[in-house]
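Engineer: Sequence:
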Amino acid sequence: MSDADHAAGEGAGASGTEDVQRLRAEVADLRRRLAERPVPRARPGPLRVRRTIAAALVALAGFGLVASVIGVWGARTTLDTDRWVATVAPLPQRPEINAAMAAYLTDQVFDRLDVRKRLAEALPPKAAFLADPVTGAVRDYMREQVQAFMATDRFAALWRQANEFAHAQIVATVKGESSTLTVHDDTVTLNLLPVINDVLVKVSNEMPTLFGRQLRLPALSSAEVPADLRERVQAALGVTLPADFGQITVYHDADLSGFQDAVLLCKRGLFLLVLGTLLCLGLAVWVSPGRRRTLLQFGVAVAIGEVVLAGVLREIRDRMLERVPQGVYREGASAAVHEVFRMLRERGDQMLWLGVAVAAVSYLVGPGRLPVLVRLSIVRGARSLVGRVRSTAADESLRTWTARHLDALRIGGAVVASLFAFLFPSWTALLVVLVIVAAYEAGVAVLARPATPDPRGDRTPARTESPTAGR
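With the first letter of the sequence shown counted as 1, position 135 gets the number 171 in the numbering used here; the numbers rise by one all the way through.
Calculated from the structure, these hints are not laboratory results.
25 angstroms max Cα-Cα, derived DMTMM-like pairs, lysine to aspartate or glutamate: (1) K303 x D116; (2) K238 x D147; (3) K153 x D143; (4) K303 x D118; (5) K238 x E267.
Pairwise CB distance ranges (calculated): (6) V425 x W389: 25 to 33 angstroms; (7) A457 x V275: 52 to 60 angstroms; (8) G417 x V360: 50 to 58 angstroms.
Ideal Cβ placement from N, Cα and C applies to all residues, glycine included.
Working from the sequences, and respecting the hints, build out all of it.
Structural biologist: If you want it as structure tokens, here you go:
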């Protein structure tokens, strides 16, 4: 290399170094200017507006879902005669309700007959002090007879027919179509004279001396109430019965037409409520810039809505029970309300767990530290479980034992599942039991299968002998 070429190379190297230094200086200057530049404050933009709208819509959807479940239950139960009869038919089997109904029927008959006065008149003057204890004993005996009658198929048929007839007429009255149910002074009453009539027949057969003679009462075979039934019972007993004898007030209000309008509005509004709930949820997911967060908010709204509405319904129930006299009547009414609202409570529990599940899943699939840690823990636990299952399944003795007792294991699983389904009679429990049983049966079937031999396991390298072997 000549001296001229060497000098040119040194000049090019010096020029490149200067360019690098100049670029570094420019970068440092730009960074300084960027650091000194004030950070602009974030202004409300479309994203924030969309988040706000989505949050409002999803809150409405959550509360609307819970309200829709309550509305659908109410429409299908309280306004459907078949469902209502199926709901109230087993009520007399509850001890509290049985005791309350027996006390009511006994009081209706016992008080109208004025048994104490009759006993006091029948006893000699020196034994007049026995009127009270004898009256109490007779009342207890009569209540026992009433409870015994309530345990018969005849009473069950009367109770079912009376409820079917009365509920159909009440619904017709609410809709403004009934002309057969008693409506007087804005009061709707339910006539229990057919039940009292049969009770009187039974008690008369058991205690003829109580009435002084054998009662001649009509034998009723249907829920149709004869127009002169009260007069015939009155004539048979030999006493004057009030107009409300055997009557239970079903509804009392100063404005029956207003109640009818409210029921009609609820029926029409239920469809709009369900439709509005679906629209709010769909719009919330469509508008939201973060659908995962929106689903989380929806789950929280459903859970909160269920808790709030459960509290409101509990307050309404307590106020209803305050109108019932304390003692056996209030206990019976409380048991009846508890039984009637049982299905609604189950639906409420399902809504609560649904909201919690949606919120939990939406949170756990997020990018936070805790969700990531939980997911990693689940994956590690699943891998560890799979490894243990594989190692257990590889045990040939366990496979042989399972295959030998496969039928017994399957039957045992079905028996245990049936027992749990009987102890926890709800749709949620039944679904959980079905899932567990399906997993158990599948696991037992897989474990009982013989191990599949590895086709590569029998391949042993052929022994090759050296050509010089044996020489």
